[in-house]
Amino acid sequence: MTAPAQPIDPFGRLMRAAQEGDAAAYEELLRAIAPQLRRVVMRQRGFAGIADVEDLVQDVLLTVHAVRATYDSSRPFVPWLLAIVRNRLADGARRYARTARREIHVDESDVTFFEVETNTDSVELGDAEAVREAVRALPEGQREAIELLKLKELSLKEAAEASGTSVGALKVATHRAMATLRRTLGPKRR
Amino acid sequence: MNTNDLIQSLSRDLAPVEPLWRPGRRAIAWLLAAAVYVVALTALLARSGAPLELASPRVWLPHVAAIVACLLASWAAFASVIPGHSGRPAVWAAIGALVWIATVVAASHWDSDVAAIVAARHEAACVGVIVLGGAPLLVAMAVLLRRGAAFAPGKTAAFAALAVGAITNIGACFWRPHAVDDVTLVWHGGAIIALVLVCALAARLVPTAVGARLRRSP
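If you're matching them up, the sequences are chains F and L in order. In terms of the numbering used here, the first sequence opens at residue 8 and continues consecutively. In terms of the numbering used here, the second sequence opens at residue -18 and continues consecutively.
Simulated from the structure, these hints should not be mistaken for lab results. All figures in this text were calculated on a predicted structure; none of them were measured in a lab. Some clues are possibly wrong.
[Claimed, not checked] Computed footprint of chain F on chain L, listed as stretches where at least three residues anywhere in the stretch have a Cβ under 8 Å from a Cβ of chain F:
1. -11 to -1
2. 122 to 130
[Claimed, not checked] So the derived label-pair ranges between C-beta atoms look like this:
3. F/R46 <-> L/V124: 34 to 40 Å
4. L/M(-18) <-> F/A30: 14 to 20 Å
5. L/V45 <-> F/Q51: 44 to 50 Å
Each residue gets a CB set at the ideal place from its N, CA and C atoms; glycine is no exception.
All chains should be modelled from the sequences, with the hints used to inform the complete structure.
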């Protein structure tokens, strides 16, 4: 195989180093692009809340990580990154549309039932049964990651050995599981 | 997890990755490997049939066009998993497929009626060669594409299936030598179109590559 071409921009150089396993260069690259991604996402999704913007930024970073082998160092880095951003934004919009179709807005309903407990804003996040239910509802890989890392409190390496997956895969699974749990168990928006 | 933690987590234990070859290079390598496979498959299945007049352009031109269509379709498939890659390969793949169809139409003798075409059950064996013989090539293609970012899995799978259909169609014409005519056009063409449609639909339903890693999580 021929040697890879010399990267033509600073981000490209960092990504090329990251492809070779340079963790410091990779961290520098991700830290440099994160604020720019945040700006792009906020511009495109002005209506989204800060948490949703952050979710999308993290989605893009995870995708960059997953497909970093597709970056060709002889091409500029930014168009490659923007293509990923466009895809994740479109995917996010599709997800949002799907969720919105299933949800019924009850903003105008002041009272749903007469009992006081049914009309309180306080949601007990510590409800063990609700947590168990939410964890049970996770996809298998995510559930296993949560059980090993958060419930059994194994280290990443121990959990990776126990589950037969890589450390990176476990990190991604945990991140996704936590985001799902936060959505499931977090306070409902009004 | 906040973004800073995520960045730290992703960069810790970072494994080196081999950058993918350029799509054109991958397409040429895949075509060469696929050609070897199809030649071996054809030799393995070889039956006697009507001798082909290989010197006639009516015989060789559709096959040359099929090889070009295969190369362009695989180029488009490999390019479609590279974020930010231009859409030019897809256009070239569409042109290649149209030229291939045009050469087959031009080379065919149009003298069979619908009943004769439907009755040509022996062509079902050619459909088997295209679909079943193409299965290992499709698997190989899926493995290669899996390293990319299948942001448009339907489109990627359609190009991959077109590439596989184009190359295995040549094997289907040679394992039991027969001329290209309206009967083969309908049976072979129908099998390839079905393969493309089924693969495109299946890819949209089955999470692939990035989809598998991000939507379902490991």
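Going down the list of hints, with the structure as the test:
1. -11 to -1: Three-residue rule met by the region -11 to -1 of chain L, so holds; n is 11.
2. 122 to 130: holds (count 3)
3. F/R46 <-> L/V124: 34 to 40 Å: The hint (34 to 40 Å, Cβ to Cβ) holds, given that F/R46 and L/V124 are roughly 38 Å apart.
4. L/M(-18) <-> F/A30: 14 to 20 Å: 18 Å, holds
5. L/V45 <-> F/Q51: 44 to 50 Å: 46 Å, holds
Going through the hint list in order, the structure satisfies each hint without exception.
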